[in-house]
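Given only the sequences and the hints, what does the whole structure look like? Please build it.
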Amino acid sequence: MNRLFTILILMMIVLAAPVGPAQAVLPDEVLDDPALEARARAISTELRCVVCQNQSIDDSDAEIARDLRLLVRERLVVGDSDKQVMGYIVARYGDFVLLRPPWQPNTYTLWLAPPLMAFIIATLAVMFFRNYQVRKAAGLGPDPLSPDDRAELDALVERIASTTPPSSGQMGQFREELAEGLKPHPDEPAETGESEETKTGEANAPSSDTQTVADNTNESERTR
Amino acid sequence: MRRIVVLLPVAVFAALVGLMISLLTDSERNDDLSRLPSALIGKPAPETSLPPINATIPGGFSTADLKGQVSLVNVFASWCIPCLAEHPQIESLAERGVPVYGINHRDKPEAAETWLRRHGNPYIAVGADLDARASIDWGVTGVPETFIIDRNGVITYKHVGPITQDALDKKILPKLREAAGG
Numbered sequence: 031m032n033r034l035f036t037i038l039i040l041m042m043i044v045l046a047a048p049v050g051p052a053q054a055v056l057p058d059e060v061l062d063d064p065a066l067e068a069r070a071r072a073i074s075t076e077l078r079c080v081v082c083q084n085q086s087i088d089d090s091d092a093e094i095a096r097d098l099r100l101l102v103r104e105r106l107v108v109g110d111s112d113k114q115v116m117g118y119i120v121a122r123y124g125d126f127v128l129l130r131p132p133w134q135p136n137t138y139t140l141w142l143a144p145p146l147m148a149f150i151i152a153t154l155a156v157m158f159f160r161n162y163q164v165r166k167a168a169g170l171g172p173d174p175l176s177p178d179d180r181a182e183l184d185a186l187v188e189r190i191a192s193t194t195p196p197s198s199g200q201m202g203q204f205r206e207e208l209a210e211g212l213k214p215h216p217d218e219p220a221e222t223g224e225s226e227e228t229k230t231g232e233a234n235a236p237s238s239d240t241q242t243v244a245d246n247t248n249e250s251e252r253t254r
Numbered sequence: 003m004r005r006i007v008v009l010l011p012v013a014v015f016a017a018l019v020g021l022m023i024s025l026l027t028d029s030e031r032n033d034d035l036s037r038l039p040s041a042l043i044g045k046p047a048p049e050t051s052l053p054p055i056n057a058t059i060p061g062g063f064s065t066a067d068l069k070g071q072v073s074l075v076n077v078f079a080s081w082c083i084p085c086l087a088e089h090p091q092i093e094s095l096a097e098r099g100v101p102v103y104g105i106n107h108r109d110k111p112e113a114a115e116t117w118l119r120r121h122g123n124p125y126i127a128v129g130a131d132l133d134a135r136a137s138i139d140w141g142v143t144g145v146p147e148t149f150i151i152d153r154n155g156v157i158t159y160k161h162v163g164p165i166t167q168d169a170l171d172k173k174i175l176p177k178l179r180e181a182a183g184g
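Protein sequences, first through last, are from chains H and W.
Under the numbering used here, the first residue of the first sequence is numbered 31, with each subsequent residue one higher.
Under the numbering used here, the first residue of the second sequence is numbered 3, with each subsequent residue one higher.
These are computed hints drawn from the structure, not numbers from a lab.
There's no promise every hint is true.
[Unchecked claim] A few chain W residues facing chain H, derived, Cβ under 8 Å:
{"hint": "1", "residue": "Thr50"}
{"hint": "2", "residue": "Ser51"}
{"hint": "3", "residue": "Ala134"}
{"hint": "4", "residue": "Ile138"}
{"hint": "5", "residue": "Asp139"}
Ideal Cβ positions, reconstructed from N, Cα and C, are used throughout, including at glycine.
What follows is the structure in structure tokens.
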């Protein structure tokens, strides 16, 4: 088991290791001038292979990618600047060939949406955090219950209390439990502990309710 | 008030699902989304000058030949199966008197010749584009592609993929009429 885990970890490391991009550039395409070739490579990584959606012409084996690579090199040899080469290709294939979308009116939404979303989320987060701190400083817990909720909760507690023998101690215990976020099922009031359970069982005339409670206790004892 | 707050996310979700379904099922829009908008529409046809495939096929043409008439430029190849599928529609266009020019995309001259003999040659002129350089100038991403050129030599429409009977009736013919009228 341990060995398997080690092997998996090793595989992950191997797979995550940085692997250079697959090179589609063939030796016969490479220019003699290393400076020009470097520029050609840089331009090629910015241009989309139009038939392969999201691959640059630099690492696509598609025929059209090869044609475009050759074209880029041809333009560079003729003396075009990088910008002119890009312009030459964009004039034929449109902005779609640019893997990095340009900043222009029809891409404003594209560029602005992520920072805008981040700003909105950050603002909300700060607002929530401030609110939380103010409440904490004022000694308040989470939002207080609304009067409706309060009344509903009181009614529930009353109902639970009325199913067990009236005892102010138990009533107080339920209130404590509810305040702590524990919500015992109204029909199964006693889930606090085994000693409590047996007590209620003794105090009450044996009903089906207490029977199940007793069963539960037995089960938990058995599993232990 | 509370009910509204609870229902709001559900309503937003339902609206999103509705939007996505409508976008996915709207075939017209799908068609447009999956196809590249051509950078060349509304621009003068690129300057190309292509030699004939060989002595037996009429052809060789340059962009200057296109001026003064509404014409079609069809990029095809003998190895391209969709080109064969659209061939009857190209022929029917030629029969209607539309001048159709062919750019033979990266093809062996013998193969292109055999193909045109076997399936018929609807082209006024066929230019051989052996190295696909002309195709790049026209912004071609694959074969077949068809361009409509107006009298002034301006590209008014580009059809990507085979011209089906449906595309012929609904797109090519109306666009040709438009180009002729304008």
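Structure-based check of all given hints:
For threonine 50/W, the shortest C-beta to C-beta distance to chain H is roughly 12 Å, which exceeds 8 Å, and the interface hint is violated. Violation of the interface hint for serine 51/W is found here, the shortest Cβ-Cβ separation to chain H being roughly 17 Å, above the 8 Å cut-off. Taking 8 Å as the C-beta contact cut-off toward chain H, the hint placing alanine 134/W at the interface holds, the least distance being around 5 Å. The beta carbon of isoleucine 138/W comes within 6 Å of a beta carbon in chain H, closer than 8 Å, and the hint placing it at the interface holds.
A hinted interface residue such as aspartate 139/W counts as satisfied when its beta carbon comes closer than 8 Å to some beta carbon of chain H; here the least separation is about 6 Å, so the hint holds.
Checked against the numbered hints above, the structure violates hints 1 and 2; every other hint is satisfied.
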